[in-house]
Amino acid sequence: MLSIVVEHIFLLVIVTLISVLQNAFFATKVEREGKEHNNKTAFERVSCANRNCMDSYPTFLAVMWCAGLCLNQAPAAFAGIIYLVARQKYFVGYMGQTSQSTPGFLFGKRVLAFLILMCIVGIFNFLLVRYLGNDYKDTMETITNAASALLLIP
Amino acid sequence: MLSIVVEHIFLLVIVTLISVLQNAFFATKVEREGKEHNNKTAFERVSCANRNCMDSYPTFLAVMWCAGLCLNQAPAAFAGIIYLVARQKYFVGYMGQTSQSTPGFLFGKRVLAFLILMCIVGIFNFLLVRYLGNDYKDTMETITNAASALLLIP
Amino acid sequence: MLSIVVEHIFLLVIVTLISVLQNAFFATKVEREGKEHNNKTAFERVSCANRNCMDSYPTFLAVMWCAGLCLNQAPAAFAGIIYLVARQKYFVGYMGQTSQSTPGFLFGKRVLAFLILMCIVGIFNFLLVRYLGNDYKDTMETITNAASALLLIP
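Chains as they are written, first to last, in my numbering: chain A, 299 to 452; chain B, 299 to 452; chain C, 299 to 452.
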C-alpha cells in the first residue's frame, strides 16, 4: 500500500533531502566561521543569514508538501528546487555583501507565492469536483507546469 | 487515488495556508519596523514576538497534522484556527504592551494540549481497534467535537 | 481508509508527540530560568541550548517522516527516539558545562545521517522496483533494522 503513496511523493522527498543537506551545509559554515575568532562581523553576518533561512524553513516545507499533495508533485518539487537555489544565492550573497541579499529574498517570496497559489487551486479544484462533478484537473496541471517554467525567467 | 487523501486533509491544508499567510504578515511587520530606525525598542519587541511565534510554529504544525490524521480533521482544523487567532492576539498584544502577551501565550498552550490529547486518543483508539476489535471511534469524534467548542469559552 | 494510513505512521506520531512534550519541557526550563533574574549567564546558556535544539527541530521532523514513509516506520521511529535522548543529553549537558555539549551534538548528526541514508535507500528501492521490477525491500528492511541497533553502541 505504501508504494502507491511513495509514487506520489518521491520527488517531494528528494527535494526535502536536498534542503536538509543544504541546512547541514549552512550549519557547517556557521560552525567553521564561529571557530575563527579573528573577525566578529563575518560570523554575525553568516549567523544572521542562517537564522533568516531557518526561520522560513518550516513555512517552505509546509507549503511545498501541501502543494504537492493537493495538486501535483512535479511542479511543486520544481518550485522547491528553485527556492533552494534562491536560498543558496541568498546565503552566499549575504556572506559577501549585504546589497546582494535583497534579490534572493524577493525571489524566495515569489516561489512561495506560487506554491500557495498551487495549494489554493488544488483545494478549489477538489471542492468543485466534489460538489459539482466538474473535472478540469488536467488543464490545471498543464497550466501550473507551464507557469513553473515562467519562474526561471527573471 | 490522491483525491481520496485530499478529502481527509483539505481542512488541514487550508489552516496551514492561513498560518503561512500569517507568517508572511508577521515577517512584513518586522521588516517594516526594521526600516524605521527611529525607535529601537519597538523593533526589538516586534522581532522578539516574531521569534517566539516562529519557535513554536513547527511544533504547532506537527501536532495539528498528527491530530488531524489520527482522529479527525474537523476538530483539529478548528483548534488550529483558534491557535492562529490566539497567536494573532499575542503578536498584536506584544506590539502594544508586554502585560497583554501572557494570556495569549497561555491560550496557545491550552490549544496545543488539546491537540496532543487528540493524538493520544486517536492512537489508543487505533491500537484498541487493532488488538481488541472494539470500535468506539464515533463516540470519540463526538466527544472531541464537543470539547473543541468548549475551548472558545474562556 | 484512514485506519490503513494510521497503521503505517502511528509509531512516527508517538515519537512526534514525545518530541513535542520535550519541546514544552525545554520552553518551561527557559521560562523558569528567565524569571530568576539573579544569574544572567545561566539564562543565556539555557536560551542558547533551546535555540540550537529548535533550529534543528524541523530538519529532524522532515527527515524522520520521510524515512518512515519511504522505507519502514520502525527503524525511523527508533532512530527518532535515539535522537531525542541525544538532544536531552545535549540540553542537560549545556546547562551544566559547555564541554559536555559536543558529544551530544555529534550523536545527533550521526542519527540524522542514518535517517537520510534510509530515505535514499527507500527512494532508490522504489525507483528500482518501478523500472526494473526487482524487489529486495525485505532485505533492505532487515539491514536497516540491524543498522539501527548499531547506533546504540558508541
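Quick caveat, the hints were computed from the structure, so don't treat them as lab data. In this text the structure is predicted, and so the values were computed from the model without any measurement. Some clues are possibly wrong.
Claimed, not checked - Heads up, simulated DSS-like pairs for lysine-lysine below, C-alpha to C-alpha not over 30 Å straight-line:
no.: 1; chain 1: A; residue 1: K407; chain 2: B; residue 2: K327
no.: 2; chain 1: C; residue 1: K333; chain 2: C; residue 2: K387
no.: 3; chain 1: A; residue 1: K387; chain 2: B; residue 2: K407
no.: 4; chain 1: C; residue 1: K333; chain 2: B; residue 2: K407
no.: 5; chain 1: C; residue 1: K387; chain 2: A; residue 2: K387
no.: 6; chain 1: A; residue 1: K327; chain 2: A; residue 2: K387
no.: 7; chain 1: B; residue 1: K387; chain 2: A; residue 2: K387
Said to hold, decoys possible - Anything over 12 Å on all C-beta distances counts as not near chain B; from chain A, calculated:
no.: 8; residue: V344
no.: 9; residue: S354
no.: 10; residue: V361
Even for Gly, the Cβ is constructed at its ideal location relative to N, Cα and C.
Hints, verified against the model:
no.: 1; hint: A:K407 / B:K327; result: holds, 15 Å
no.: 2; hint: C:K333 / C:K387; result: holds, 24 Å
no.: 3; hint: A:K387 / B:K407; result: violated, 38 Å
no.: 4; hint: C:K333 / B:K407; result: holds, 18 Å
no.: 5; hint: C:K387 / A:K387; result: violated, 35 Å
no.: 6; hint: A:K327 / A:K387; result: holds, 14 Å
no.: 7; hint: B:K387 / A:K387; result: violated, 35 Å
no.: 8; hint: V344; result: holds, 19 Å
no.: 9; hint: S354; result: violated, 8 Å
no.: 10; hint: V361; result: violated, 6 Å
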